[in-house]
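Each protein sequence line maps, in turn, to chains A, B and C. Those letters in the first sequence? Residues 1 to 304, per this note's numbering, in order. Those letters in the second sequence? Residues 1 to 304, per this note's numbering, in order. Those letters in the third sequence? Residues 1 to 304, per this note's numbering, in order.
In case anyone wonders, no lab produced these hints; they're calculated from the structure. All figures in this text were calculated on a predicted structure; none of them were measured in a lab. There may be inaccurate statements among the hints.
As the list claims (entries may be wrong) - DSS-like mimics (lysine-lysine), calculated; alpha carbons at most 25 angstroms apart, straight line:
| hint | chain 1 | residue 1 | chain 2 | residue 2 |
| --- | --- | --- | --- | --- |
| 1 | B | Lys145 | B | Lys34 |
| 2 | A | Lys34 | C | Lys145 |
| 3 | B | Lys270 | C | Lys34 |
| 4 | A | Lys270 | B | Lys36 |
| 5 | B | Lys145 | A | Lys36 |
| 6 | A | Lys23 | A | Lys36 |
| 7 | B | Lys36 | A | Lys34 |
| 8 | A | Lys145 | A | Lys23 |
| 9 | C | Lys23 | B | Lys36 |
| 10 | C | Lys34 | C | Lys270 |
| 11 | C | Lys36 | A | Lys36 |
| 12 | C | Lys23 | C | Lys36 |
Spelled out from the first residue to the last, the chains are:
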Amino acid sequence: MRHLLRMEEVTTDEIFYLMEKAKRMEDVFEPFQKPKIIANLFYEPSTRTKLSFEVAEKRLGYHVLDFDAAHSSVRKGESLYDTVKTIESLGADAVVIRHRQNAYYNELLQGVDLPIINGGDGTGEHPTQCLLDLFTIYEEFRTFKGINVVIAGDVLHSRVARSNAHTLSRLGAQVQIACPNVWDDPTLPYERVAIDDSVERCDVLMLLRVQHERHEYTTQSSDYLETYGLTIERERRMRERSIILHPAPVNRGIEIHDSLVECERSRIFKQMSNGVLVRMAVLDTLLSKGERNDDVTNQRRSLV
Amino acid sequence: MRHLLRMEEVTTDEIFYLMEKAKRMEDVFEPFQKPKIIANLFYEPSTRTKLSFEVAEKRLGYHVLDFDAAHSSVRKGESLYDTVKTIESLGADAVVIRHRQNAYYNELLQGVDLPIINGGDGTGEHPTQCLLDLFTIYEEFRTFKGINVVIAGDVLHSRVARSNAHTLSRLGAQVQIACPNVWDDPTLPYERVAIDDSVERCDVLMLLRVQHERHEYTTQSSDYLETYGLTIERERRMRERSIILHPAPVNRGIEIHDSLVECERSRIFKQMSNGVLVRMAVLDTLLSKGERNDDVTNQRRSLV
Amino acid sequence: MRHLLRMEEVTTDEIFYLMEKAKRMEDVFEPFQKPKIIANLFYEPSTRTKLSFEVAEKRLGYHVLDFDAAHSSVRKGESLYDTVKTIESLGADAVVIRHRQNAYYNELLQGVDLPIINGGDGTGEHPTQCLLDLFTIYEEFRTFKGINVVIAGDVLHSRVARSNAHTLSRLGAQVQIACPNVWDDPTLPYERVAIDDSVERCDVLMLLRVQHERHEYTTQSSDYLETYGLTIERERRMRERSIILHPAPVNRGIEIHDSLVECERSRIFKQMSNGVLVRMAVLDTLLSKGERNDDVTNQRRSLV
Chain A
1 MRHLLRMEEV
11 TTDEIFYLME
21 KAKRMEDVFE
31 PFQKPKIIAN
41 LFYEPSTRTK
51 LSFEVAEKRL
61 GYHVLDFDAA
71 HSSVRKGESL
81 YDTVKTIESL
91 GADAVVIRHR
101 QNAYYNELLQ
111 GVDLPIINGG
121 DGTGEHPTQC
131 LLDLFTIYEE
141 FRTFKGINVV
151 IAGDVLHSRV
161 ARSNAHTLSR
171 LGAQVQIACP
181 NVWDDPTLPY
191 ERVAIDDSVE
201 RCDVLMLLRV
211 QHERHEYTTQ
221 SSDYLETYGL
231 TIERERRMRE
241 RSIILHPAPV
251 NRGIEIHDSL
261 VECERSRIFK
271 QMSNGVLVRM
281 AVLDTLLSKG
291 ERNDDVTNQR
301 RSLV
Chain B
1 MRHLLRMEEV
11 TTDEIFYLME
21 KAKRMEDVFE
31 PFQKPKIIAN
41 LFYEPSTRTK
51 LSFEVAEKRL
61 GYHVLDFDAA
71 HSSVRKGESL
81 YDTVKTIESL
91 GADAVVIRHR
101 QNAYYNELLQ
111 GVDLPIINGG
121 DGTGEHPTQC
131 LLDLFTIYEE
141 FRTFKGINVV
151 IAGDVLHSRV
161 ARSNAHTLSR
171 LGAQVQIACP
181 NVWDDPTLPY
191 ERVAIDDSVE
201 RCDVLMLLRV
211 QHERHEYTTQ
221 SSDYLETYGL
231 TIERERRMRE
241 RSIILHPAPV
251 NRGIEIHDSL
261 VECERSRIFK
271 QMSNGVLVRM
281 AVLDTLLSKG
291 ERNDDVTNQR
301 RSLV
Chain C
1 MRHLLRMEEV
11 TTDEIFYLME
21 KAKRMEDVFE
31 PFQKPKIIAN
41 LFYEPSTRTK
51 LSFEVAEKRL
61 GYHVLDFDAA
71 HSSVRKGESL
81 YDTVKTIESL
91 GADAVVIRHR
101 QNAYYNELLQ
111 GVDLPIINGG
121 DGTGEHPTQC
131 LLDLFTIYEE
141 FRTFKGINVV
151 IAGDVLHSRV
161 ARSNAHTLSR
171 LGAQVQIACP
181 NVWDDPTLPY
191 ERVAIDDSVE
201 RCDVLMLLRV
211 QHERHEYTTQ
221 SSDYLETYGL
231 TIERERRMRE
241 RSIILHPAPV
251 NRGIEIHDSL
261 VECERSRIFK
271 QMSNGVLVRM
281 AVLDTLLSKG
291 ERNDDVTNQR
301 RSLV
């Protein structure tokens, strides 16, 4: 691995390597001898993701450069390319970027010599969120083969629905989609289901956030919950050992009934803990220069 | 101690334990083996308190998560509870919170498993400010018994006047209040005095900040200084060894004459240095899990 | 050295000492035993300078206090003096300040006991930028004597043109100025040249940024490039081993043709790397208390 940009480019071997590595990150707290320097460039606000990267970086002993795009030279009209070149020149060893432009990284790959970790690009991808969802499922079932995953809600505006669907399908899971017609993405080649029917069958119910701030029209929250969300009644019909995921922040009472956010089968806060481990695994992998895919494969074999 | 929320809940033994511990913090600079992670959640701006906590945390070797509420998911309508749960899930070992809502912590105590350090709640309390005032007095007189403390100024809007008055009184100090009638708090059962009379008697003159930003009406500054503030003439009449406190930032020329801010009996900047030590003592106490009140008592006895 | 405020006060010996010290900073990554605490007070936004100081400080093992003037007690009307006194009281060992007021440091020198590093004062100076320009030239030519430096562009509004010109001249370089008449500074006693004539003669072409945000009138960018900037044709006429400097951020296509920013003779990104080393050298020098100018001189002699 050289960067982390799109899930499509992460091989299945690399995914399993990262799953195993994330597991081993639980006890990692030792700083490097010569500390690595990581810059977090968030051009869009994102408390959760930014803090999660920060914890991961600090637990790995990295020095963190916190780049606040709101107070930066960007206001002087500096391009993303020049900003990242600056950060490279200042001595950073890698850069985490969230940017509202889809595939912003394309303009960087020529001139920039740093590993780039995609922290979210427009409506494109959010690969570490995908990896933490995978890790949470993997921790639960120790396999993806045959696992039934229902992705429910605002599929169209979600930054994780598409890459989650494709990657889970690639890994052998059975993916289904339960969403309002207006928020469907017709390019996704997966079976459509009604949440009401699917709760009894699925192993993983992956709820998506209603992105109020991205919609012009507002949803009547109680209607949404009844028709498309996880009500108390539906949760009761879910089968034993099935789990609930949500990328957070949760709209309590819209995607999910308030009282279910911390119910027994909810892994919503567990996902956040897992996010730190997965990001540690990604960072440590990208910053250990000599590592090749062969090693990844070998290491996975010896681990699994 | 489990949290630090209100002074009323801090026992006298615990207060003395913290006083002694703060003293010993002066030489503490070693990081922990496995670094603790602390999140600072400031929903209201507060340079001084925030930086003071930050220095304390860094001197203890903690990793600091700096949560900027202005650029956070709060804008997506996330509740304080969900934010703190997120921070807990990310692996924080404790959280410092300043919030404009009085007793904001009540909604957290059920579901949150982290120690909470109250960095100021609305017009409620600011317990580490209280502790640093106590520490500054204790460092000076080595006792609270019989010490005459005059609290002067905007008592009504102050976040420290009430808890300082109650706690000092509990510890044996003689508390008096010198304030404009419009800014009096009738629930405080302490003797009212005029500053002009009290300067010759008091051991501690605790000036409060005129909170321009909280008042609709503005005070004529020169009038205020003459009637309620510390003029050069009044300072001259103060007795030997008596000291001046102020929580800062100071309105120079309003609560106190400009030239007195750094006069010999002023402990205003000393209070800031002491604030770091007291916060180190609080953090180290709350984060050393096994410690019980018995130990606190024993330790105090062996120390005093 | 006690502070770093204006280049005029930095002796030639001290400059060479810092040049040599910057060179040796490349391998410095060890933290101090008792970590130093540095506060960065930026009252004006400056990504580049702030991040550069931050990297330098972290590589030296310092704890960094990041003071965001936009969210601070400054809004409560606190003076710069009181803020810096607060930072000193909190235990900082030095302070880096950028402020829009020229010579802001004059009001601090009486009461403040901390080393002050000037990160830019209004239209005054930006001494670490000057030092990094010097270092970049020195690294290239190992001397300043007889080096022809052409400073080209918006001399009048530049924070570095004046101190660079004076300091380079003092060190033996031959300084010339190529600028539009409206942006000339008549107090600078150096020869005026046209960029078109000078490119063939100069060893160092020091381009300045067109400060759009400081001008009322706007320049037609293509006109500016043709008349005053570095075109492809002009770069071709530059002599072997001559180099291009620019303080950045670059207005691509205005001061310099887009394709030349990373050309072989450009040291623009190298300047940023050098900035970290120079700032490490300054910080380490100012924070090693016992050091005197004599030592500086001796050390330089033994080094050169």
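Hints, verified against the model:
The suggested pairing of lysine 145 of chain B with lysine 34 of chain B is violated, with an alpha-carbon distance near 41 angstroms, which exceeds 25 angstroms. Distance hint between lysine 34 of chain A and lysine 145 of chain C is unfulfilled; the C-alpha atoms sit about 37 angstroms from each other, more than 25 angstroms. For the hint linking lysine 270 of chain B to lysine 34 of chain C, the alpha-carbon distance of about 21 angstroms falls within 25 angstroms, and the restraint holds. Our distance criterion of 25 angstroms between C-alpha atoms is met by lysine 270 of chain A and lysine 36 of chain B, whose separation comes to about 20 angstroms.
At most 25 angstroms may separate the alpha-carbon atoms for a hinted pair to count; lysine 145 of chain B and lysine 36 of chain A exceed this at roughly 53 angstroms. Using a Cα cut-off of 25 angstroms, the hinted pair lysine 23 of chain A and lysine 36 of chain A holds, with the two alpha carbons roughly 22 angstroms apart. For the hint pairing lysine 36 of chain B with lysine 34 of chain A, the CA-to-CA distance comes to about 21 angstroms; that is within 25 angstroms, so the pair holds. In summary, the hint linking lysine 145 of chain A to lysine 23 of chain A is supported, as the alpha carbons are separated by about 20 angstroms, within the 25 angstroms threshold.
For a cut-off of 25 angstroms, the pair hint linking lysine 23 of chain C to lysine 36 of chain B is broken: about 36 angstroms separates their Cα positions. A hinted pair counts as satisfied when its Cα atoms are at most 25 angstroms apart, and lysine 34 of chain C with lysine 270 of chain C does not qualify at roughly 32 angstroms. About 20 angstroms separates the Cα atoms of lysine 36 of chain C and lysine 36 of chain A, which keeps this hinted pair within 25 angstroms; it holds. For a cut-off of 25 angstroms, the pair hint linking lysine 23 of chain C to lysine 36 of chain C stands: about 22 angstroms separates their Cα positions.
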